[in-house]
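Asks: For reference, the chains in residue letters:
There are 2 protein chains.
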Amino acid sequence: MLKVIAQDFIRPEFVEIVRPLYAELVETTRQEPLCLSYDLFVDQNDPGHFVFIELWPDRAALDIHCASEHFTRLVPLINKHQRQDATFILMDAFAG
Amino acid sequence: MLKVIAQDFIRPEFVEIVRPLYAELVETTRQEPLCLSYDLFVDQNDPGHFVFIELWPDRAALDIHCASEHFTRLVPLINKHQRQDATFILMDAFAG
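If you read the protein sequences in the order shown, they are chains A and B.
Under UniProt numbering, the first sequence has 56 at position 56, and the numbering climbs by one with no breaks.
Under UniProt numbering, the second sequence has 31 at position 31, and the numbering climbs by one with no breaks.
Keep in mind that the hints were calculated from the coordinates and are not lab data.
Computed from a predicted structure; not experimentally measured.
Every residue, glycine too, gets a C-beta built ideally from N, C-alpha and C.
Treat the hints with caution; some may be incorrect.
So the derived label-pair ranges between C-beta atoms look like this [what the hints assert, rightly or not]:
id : chain 1 : residue 1 : chain 2 : residue 2 : range
1  : A       : M1        : B       : V15       : 16 to 24 Å
2  : A       : E24       : B       : K80       : 40 to 48 Å
3  : A       : F94       : B       : F94       : 34 to 42 Å
4  : A       : I64       : B       : P76       : 22 to 30 Å
5  : B       : F94       : A       : R73       : 34 to 42 Å
6  : A       : P76       : B       : D46       : 22 to 30 Å
7  : B       : E32       : A       : P76       : 25 to 33 Å
8  : B       : Q44       : A       : I64       : 15 to 23 Å
9  : B       : Q44       : A       : D39       : 36 to 44 Å
10 : A       : P12       : B       : E16       : 14 to 22 Å
11 : A       : F9        : B       : D85       : 32 to 40 Å
12 : B       : Q31       : A       : Q84       : 25 to 33 Å
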């Protein structure tokens with residue numbers, strides 16, 4: 001299992017413009033056969049800080065997601081309104 | 001609902017020392033009546049980067065967690081081995 005946190009930082013004046021793009025990205029990604037979970041959150045202290053929390057079976061599934069039609073179409077439209085580069089954390093479950 | 005990401009950064013030489021402290025923190029926190037989920041992950045690119053992904057009904061529940069016996073006992077023991085301050089993101093679900 002691969003847990004992912006992806007963080008986007010959008011300029012405040014464009015938050016309303018990216019909102020429908022995020023909604024479509026979430027909806028279409030959840031339809032991917034290999035998507036185990038794909039949830040989007042917004043920082044309570046920063047309305048332009050969008051945080052995806054994702055679960056994929058493995059790295060190959062994440063790569064398929066990143067090459068999908070919806071991802072390659074929507075993410076560049078979102079990124080036009082970034083105030084800084086997105087960040088990504090790929091994680092394993094803590095083994096104890 | 002309150003989603004939380006808490007990130008700890010532990011000095012590499014102390015990762016094995018903090019591991020049982022994290023295991024106890026996860027086990028005891030999951031027994032809190034108000035804890036909806038409390039999962040711990042490790043960055044694939046940084047074995048000292050520990051990431052909690054949490055779900056609480058509200059801020060009051062998180063405050064009870066932070067005042068609990070296990071939290072106030074274990075977190076200072078973990079933090080002795082930090083290489084930088086922990087970070088916290090408090091989030092709402094994206095409304096679409």
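Asks: Please go over all the hints and tell whether each is borne out by the structure.
Replies: For each hint, the structure was consulted:
1. At about 21 Å, the beta-carbon gap between M1 (chain A) and V15 (chain B) stays in the expected band of 16 to 24 Å.
2. Separation of E24 (chain A) from K80 (chain B) is about 46 Å and conforms to the stated range, judged on CB atoms against 40 to 48 Å.
3. One distance hint, 34 to 42 Å for the beta-carbon pair F94 (chain A) and F94 (chain B), is violated here, with the actual separation near 26 Å.
4. Checked against the hint of 22 to 30 Å, the pair I64 (chain A) and P76 (chain B) fails, with Cβ atoms roughly 43 Å apart.
5. Our hint of 34 to 42 Å for F94 (chain B) and R73 (chain A) is violated, since their Cβ atoms are close to 19 Å apart.
6. Between P76 (chain A) and D46 (chain B) the Cβ separation comes to about 28 Å, which falls inside the hinted range of 22 to 30 Å.
7. Between E32 (chain B) and P76 (chain A) the CB atoms are about 42 Å apart, so this pair departs from the stated range of 25 to 33 Å.
8. Between Q44 (chain B) and I64 (chain A) the beta carbon distance is about 18 Å. The supplied range of 15 to 23 Å therefore holds.
9. At roughly 20 Å, the beta carbons of Q44 (chain B) and D39 (chain A) sit outside the given window of 36 to 44 Å.
10. At about 43 Å, the CB distance of P12 (chain A) to E16 (chain B) disagrees with the hint of 14 to 22 Å.
11. A C-beta distance of roughly 20 Å is found between F9 (chain A) and D85 (chain B), which places it outside the suggested range of 32 to 40 Å.
12. Checked against the given bound of 25 to 33 Å, the beta carbons of Q31 (chain B) and Q84 (chain A), roughly 39 Å apart, lie outside it.
In terms of the numbered hints stated before, the structure departs from hints 3, 4, 5, 7, 9, 10, 11, 12, listed from lowest to highest.
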